[in-house]
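These protein sequence lines are chains E and R, in that order.
Reminder that position 174 of the first sequence reads as 174 in the working numbering, one-by-one numbering, no gaps.
Reminder that position 1 of the second sequence reads as 1 in the working numbering, one-by-one numbering, no gaps.
Treat the hints loosely; a few may be bogus.
Same chains, same names: a pair is fine if it fits in one copy or spans any two.
Derived pair list, reagent style DMTMM-like, types lysine to aspartate or glutamate, alpha-carbon separation capped at 20 Å [as the list claims (entries may be wrong)]:
no. : residue 1 : residue 2
1   : K161      : D125
2   : K139      : E174
3   : K155      : E29
4   : K155      : D27
Keep in mind the hints are simulated off the structure, nothing from the lab.
2 protein chains.
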Amino acid sequence: MSRSSCMKKERQAILLEKLEHDPFLTDEELSEMFGVSVPTIRLDRLELGIPELRERIKNVAQKNYSKVKSLQVKDIVGELVDITLGQGGISILETNSKMVFEKTRIIQGHYIYSLAESLAIAVIDAHVALVGVANIKYKIPVYAGSKLVAKAEVKKAKDNKFIVWVKISEKNVEVFRGKFILVSLEKI
Amino acid sequence: MSRSSCMKKERQAILLEKLEHDPFLTDEELSEMFGVSVPTIRLDRLELGIPELRERIKNVAQKNYSKVKSLQVKDIVGELVDITLGQGGISILETNSKMVFEKTRIIQGHYIYSLAESLAIAVIDAHVALVGVANIKYKIPVYAGSKLVAKAEVKKAKDNKFIVWVKISEKNVEVFRGKFILVSLEKI
């Protein structure tokens, strides 16, 4: 076997491992990890039969939507990749150039807010929940093409009131955090 | 002249006055004011040559967009019907059934948030501004078809930091309020 095909086999083996550990790595992130071009990563994925990120996210999200009580699937912004009702969840939004401020190419805040708000509602163990109060902080501007990972944690659930914290990161750097106070309508 | 045509003339005269005072009254609001049906109001408007609400809002908004420095028109949610840069402004959003939570028919919070956020940015007298922090409160659920009027007031402007309050009402009842702390990028 030639040296380059040997390297390729090795790279593909590690790539499989990496994606098993974190199925939501982008082709760009993988290309940086291995020091190869994005088209090379795409070819690797093709040869290994690994679908593109969007598909991988959708496949995982599909299994989670049935667990959500408080929202319909169409009302969730981003893809829900993990959820434990009443405790927390994770959703992912791939940003694109339609979401930017035209002048700065920075993602408009309300897309990030919507990702956080709908996740905060989705993790609530109630049939209907609405946001009453939200205190939010945008920490770092986000540009198109970034993959935003939102993590929600239910901090308090008492009677018809819930407190949920949502933190959004890009490449493990926190870009947004918010505290949401929600009210379930069914018990009012 | 018959009694009914007399009443109609009178109603149309008052209708003109009402719309001069507040050009953003909906046909539904006018119908309630006069105790006549919505089709009657529409007919009145037709006879008086008054365009429908959407057109009236757009006509007024057109004159305001050129004043905005911090945003492109396409980035503004709702129609900007009044603005004094560095001081405040008013925008209007007509909600529709595409904006609701499927389960409850209540308008999703992030549409209301987006109206507030983009107005808060628009009123800033700077070329580029981003939200840093927002503290918001949803006071009353809003249903599709409602006309939301957002009013923003610049409370503080110092160096590259701005504090803007936004209050959103439906039929003069406050449904949302938010405090936005914004940062202008140009002076950083």
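Structure-based check of all given hints:
| no. | hint | in the structure |
| --- | --- | --- |
| 1 | K161 to D125 | within (11 Å within a copy, 39 Å between copies) |
| 2 | K139 to E174 | within (7 Å within a copy, 29 Å between copies) |
| 3 | K155 to E29 | neither (32 Å within a copy, 43 Å between copies) |
| 4 | K155 to D27 | neither (34 Å within a copy, 45 Å between copies) |
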